[in-house]
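Fit chain S to the supplied structure of chain F, relying on the hints for placement.
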Amino acid sequence: EAGVTQFPSHSVIEKGQTVTLRCDPISGHDNLYWYRRVMGKEIKFLLHFVKESKQDESGMPNNRFLAERTGGTYSTLKVQPAELEDSGVYFCASSPEPPIAGGAGWNEQFFGPGTRLTVL
Amino acid sequence: AQSVTQLGSHVSVSEGALVLLRCNYSSSVPPYLFWYVQYPNQGLQLLLKYTSAATLVKGINGFEAEFKKSETSFHLTKPSAHMSDAAEYFCAVSEGFTGGGNKLTFGTGTQLKVEL
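Keeping their order, the protein sequence lines are chains F and S.
In this text, residue positions in the first sequence follow the numbering used here: the first is 1, and each later residue adds one.
In this text, residue positions in the second sequence follow the numbering used here: the first is 1, and each later residue adds one.
Bound-form chain F, shown alone:
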């Protein structure tokens, strides 16, 4: 079974340009997460989709970031316009639905290889 894939693996753009990152989760995984690691810092949560709905977008830095998950399959993360501080590695992860009826418990998140974004 294919793992989580992300495209592109690297992107170099100039300040003010637009970039769209794509994530394809593992088939059948309802939960999709975006994380970001700015150089030298921790990996930070950006947002969480359950199917096509945004469950939690508390980690989105500002309104220059727009995430979508059309049809509950792949997701895109658009940065428009990009700023220098947006540089970093963007990770996507997916997980199955909660293991316990009523939404309790946890499930392993499977990570993609990340997209390294450089804004010049």
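Keep in mind that the hints were calculated from the coordinates and are not lab data.
Virtual Cβ for every residue (Gly too), placed ideally from N, Cα, C.
It is possible that part of the hints are untrue.
[What the hints assert, rightly or not] Computed cross-link-like contacts, SDA-like style, restricted to lysine to any residue with a CA-CA straight-line distance of at most 25 Å:
#1 S/Lys49 / F/Val89
#2 F/Lys41 / S/Ser52
#3 F/Lys44 / S/His75
#4 S/Lys58 / F/Gly105
#5 F/Lys41 / S/Ser80
#6 F/Lys54 / S/Gly100
#7 F/Lys44 / F/Gly59
[Unchecked claim] Here are the simulated distance ranges between beta carbons:
#8 S/Pro79 / F/Asn62: 45 to 51 Å
#9 F/Gly105 / S/Gln45: 35 to 41 Å
#10 S/Thr55 / F/Thr18: 28 to 34 Å
Structure of chain S alone, referenced to chain F:
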């Protein structure tokens, strides 16, 4: 709210020596704790997890970690380092689906270097 502190951004050990990577956490509810490893040019891979069963958990590649509630720690160890263990290691905490959608809070990572 939850947080993770990893002491030491870089750790260097000799091949065959003990590996000890430190992790302390804070969580307002009983946590789920994880160690992830990232090899160069690869995604994060789950190394091991604590999910409220045994406090000493064993993972892949000979790694293990012990959950100590009184110390709020979840240190990662391996008795004998191998060159192939060189990678970046991340400690993470989650409050599960009911505590926050199963999202992970990570530490800053520890780069492990293994020398001959």
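Right, here's what the structure says about each hint:
no., hint, result
1, S/Lys49 / F/Val89, "holds, 24 Å"
2, F/Lys41 / S/Ser52, "violated, 28 Å"
3, F/Lys44 / S/His75, "holds, 21 Å"
4, S/Lys58 / F/Gly105, "holds, 20 Å"
5, F/Lys41 / S/Ser80, "violated, 28 Å"
6, F/Lys54 / S/Gly100, "holds, 13 Å"
7, F/Lys44 / F/Gly59, "holds, 7 Å"
8, S/Pro79 / F/Asn62: 45 to 51 Å, "holds, 46 Å"
9, F/Gly105 / S/Gln45: 35 to 41 Å, "violated, 21 Å"
10, S/Thr55 / F/Thr18: 28 to 34 Å, "violated, 48 Å"
In summary, the numbered hints that this structure violates are 2, 5, 9 and 10.
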